[in-house]
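Sequences and hints are given; from them, build the entire structure.
What follows is the residue order along each chain.
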Amino acid sequence: MKDIVIKGGYVYDPLNGIDGEKVDIHLSDGKVVEKTKKNAKVIDASGKTVMPGGVDLHSHIAGSKINIGRLMRPEDHRKDEVPKGKYTRGGVGYSCPSTFVTGYRYAQMGYTSVMEAAMPPLGARHVHEELIDTPIIDKAAFPLFGNNYFTLKYVRDGDQEKLNAFVAWMLRATRGYAVKIVNPGGVENWKWGRNVYGLDGKVEDYDITPRQIVTSLAKANEALGLPHTIHLHCNNLGMPGNYKTTIETMEVAKAIKPKKGRKTTIHVVHCQFNALAGDNWMNVKSGAPHIAKYVNGNDHVTLDMGQLIFTDTTTMTGDGPWQFALWNMTGNKWVNSDVEMEAGAGVVPYTFKKNNPANTVQWGIGLELALLIDDPWKVYMTTDHPNGGPFTYYPKVMAWLMSRQARTDTMRELNKAVLKRTSLANIYREYTFNELAISTRAGTAQALGLKDKGHLGAGADADVAIYDLDPTGWRPSQYKMLEKAFASAAYTIKGGEVVVKDGEVVSTPLGATHWVDVKIPSEVEEDLMKDLAEDFKKYYTVSLRNYPVEDEYLPIQKVHKTRGAWK
Amino acid sequence: MEHVDVVCPFCGCLCDDLEITVEEGHITGIKNACAVSRSKFLNHGSHRITSAAVDGKKASMKKAVKEAVEILSNARRPLIYGLSSTECGAISKAVEIGEVTGGIVDNTASVCHGPTILALQQVGESKATLGEARNRADMVVFWGSNPTAAHLRHIVRYSVMPKGMYSTEGRKGRKVIVVDVRQTGTTRLADKFVKIKPNSDFELLQALRATVRGDELPVDEVSGVPMKEIKELAEEMKNCKFGIVFFGLGLTQSEGRHMNIDAAVGLVSELNRHTKFVLTPMRGHYNVAGANTVATWQTGYPYAIDFSKGYPRYNPGEFTAVDLLASGEVDAAMIIASDPAATFPADAARHLAKIPTITLEQKTTPTTMLSKVVLPVATAGVEAEGTAYRMDGVPLRLSKLVEPPKGIHSDEKVLDMILEGLKEVAQ
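Protein chains in written order, with our numbering: chain A, 1 to 567; chain B, 568 to 994.
A couple of the hints might just be wrong.
Unchecked claim - As a list, the in silico BS3-like pairs of lysine-lysine whose alpha-carbon atoms are at most 30 Å apart:
| no. | chain 1 | residue 1 | chain 2 | residue 2 |
| --- | --- | --- | --- | --- |
| 1 | A | 257 | A | 519 |
| 2 | B | 990 | A | 501 |
| 3 | A | 84 | B | 629 |
Keep in mind the hints are simulated off the structure, nothing from the lab.
The structure is reproduced here in structure tokens:
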């Protein structure tokens, strides 16, 4: 592969303190380097914006849940048919894109790393098979822990040591990257058709609370020294008034001692859905200012927006009881999928409408969170693809963040509830390019602990996005221009290879799958395995031997090794 | 050599506890298997096709692949069909061949649980993995399915007999109900056998659903079942702790087809307003679920996929194998891991004999006999590794226990050879 020099662009590299300066970026052998050889290929980026490749820390792109979405929505696919190209496979797009199209479209927006945010451990092979078919981007998947039998059992027994060992083992068995928790305890109760309400609700068969589950898993996470914090979908999602639960949950994590070198102990996902005030969906209003106030005063929390888009999309989550509630509210088609011993999922199509008061409030909440939280290193841009809307709408979200006029123009089309029940109209803040870079790559990479991503210093992965937009001349009123530039990168470079040029995919290498390997002392592991062997035999329908994902499912893997609690 | 916890590649149960003895490259012993599995493992080596053939004459693999490439690249509307009894790597290649040739990719779901998928696309589905049945179910309903004949260890391993976390009494703690048109092996072990008139499942399902909703029906009986019994059944369903319906081709392929499943899904969804209830299709071929799964993530669609416009289109009834063959629309076919000549309606099978057909198969079948090109392949799960998806969507790793006969490759490898050939021709 030829070396590349990107010359003359305005570079935004917040992790290295570069804020729109003209700096040449040198790429060699898949890495950013100080200096390339003389015969390097020169990319002229003058008059353009240069950023590290985008890093999405919460998306649903692979595995049984998104595949149920694809399966159940032929009508969605018909809106967005993708023919095969010279270098690309055909497929479908819109809210549940086929795997190939997912990879292409992220790359076309200059994204080069995407996290699959919910992997049911028993279906881990399925996730990895789909990731193999998701080209270009690097990826990782987060196994679900919050309703796993062994988690609940060790929490009940107060056996933190075993829980630590179990988390480490499970990350290895599923080739997972982070600890995902969805409605802790609620999905377990849903196995009997019920839910858990709030942090101190009862997880019936275990006589424990969500508070205990979150505390124990956060402790395990930090004790093991995992690169990312716990990745938490709070209790009471979608229930007006839930902002209180969200703040209480953040407060729970405050008591946890973070691993060395990190201040944070919790990442709250798609916070928009968990920042609702009011008592019901008729009078729902924004709870975002409360959450923003809390986050501004505390340094142990990060969150992502879960921004809502006005479109027809497909909601899908590991939160089975919430999807049941949504089915009851909408009457749309509903798939529920419970996974023995571990998890569940639900999928319901949903259309966010501009004339639906509640939807406009939700739209406002996402943006309020991003704009009222002062420090952009604490709040990241997502749509919780495809829950709030498809990831292909990111450029639109960027425009809303960077241009008050973009927000005002949208608000003019909305039900007036957004004006009365959110504070968005009174917010004048507009993101700078630097803040945008934090929100979409530097901050997310830092939160994930992906040290080679999200920046352009020497040693970083050679993942670069070049957008055809001159940031020195751009004004927020030109937000349509911004949308266009960020929807279709002038260049996307992945691992030192040009994969997108002028918005078109020109090469489709396979990216790596990242996972975390925690070293467990052999005597601790032996002890754990005895437990697992016994319970697998009694309760699982697959044998323990057939459970862990084999190397065959990770043709290119990047292993992040940590030595955890047992030094 | 002893292999333990081997996954069985024969039916949708994918039992993963087989113990297999291999001596000098041959399978000589097998434990924990059902009769079908045992016979298939022990006899996988007999009556094998040992050489590729073109026009009924032995040919080298290279020549046969070349012939296959020629057929597919000259065809205007090739059909690629089967795929439910092979591993996912092969399925993946087959989809790509469909795309490269602008052909049609269909799998055997179109003649078994296709209607289940159509219903899911209409109304959804509330489902669970088999371990949920094992650990929690206190009510098990077999509707138009007979595991004693089709899924031999289902009853013992997953649904009726096993003890689980909350099903501590095993069989005793479960109420087993069978709805069918006749006595079967499964009805004999049921607590209640609801015998219904053939082709009247839809009506009974709707009547049950209405009763669960609390609606009074002004009739004495539905589908041959007295209203009193329907009311009792509805009450029992509402009052169980965890109910599961396992349904089979008796529901998907009888009159009403996808509307039957639509009604079953509706009943189960309704029951979730009272208790926990799920349903799971009894998928037959061991990886038909995988064929749907792979095709869906690659194209958005589970079967009946047409690539003639360069992008995938989906239309069961139009792009399904039986319909395409019966109407004479396709002008070449490639069959993988399936025997349509033996199972399709006569009109469809007859057309298959008229057009150049390529078949990948281990043993001589009616389909290989009418094929222009026969490509011998290894048996996935015995002679080749790969992934298969259980009837409930759980993915498992198939093992390679013995070497395939000399010169014989896996489905995936052979399809890859064809794909490479097609790409060369295209350039």
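Cross-check of the supplied hints:
no.	hint	result
1	A:257 / A:519	holds (21 Å)
2	B:990 / A:501	holds (24 Å)
3	A:84 / B:629	holds (29 Å)
Hint check: no violations occur; every hint is consistent with the structure.
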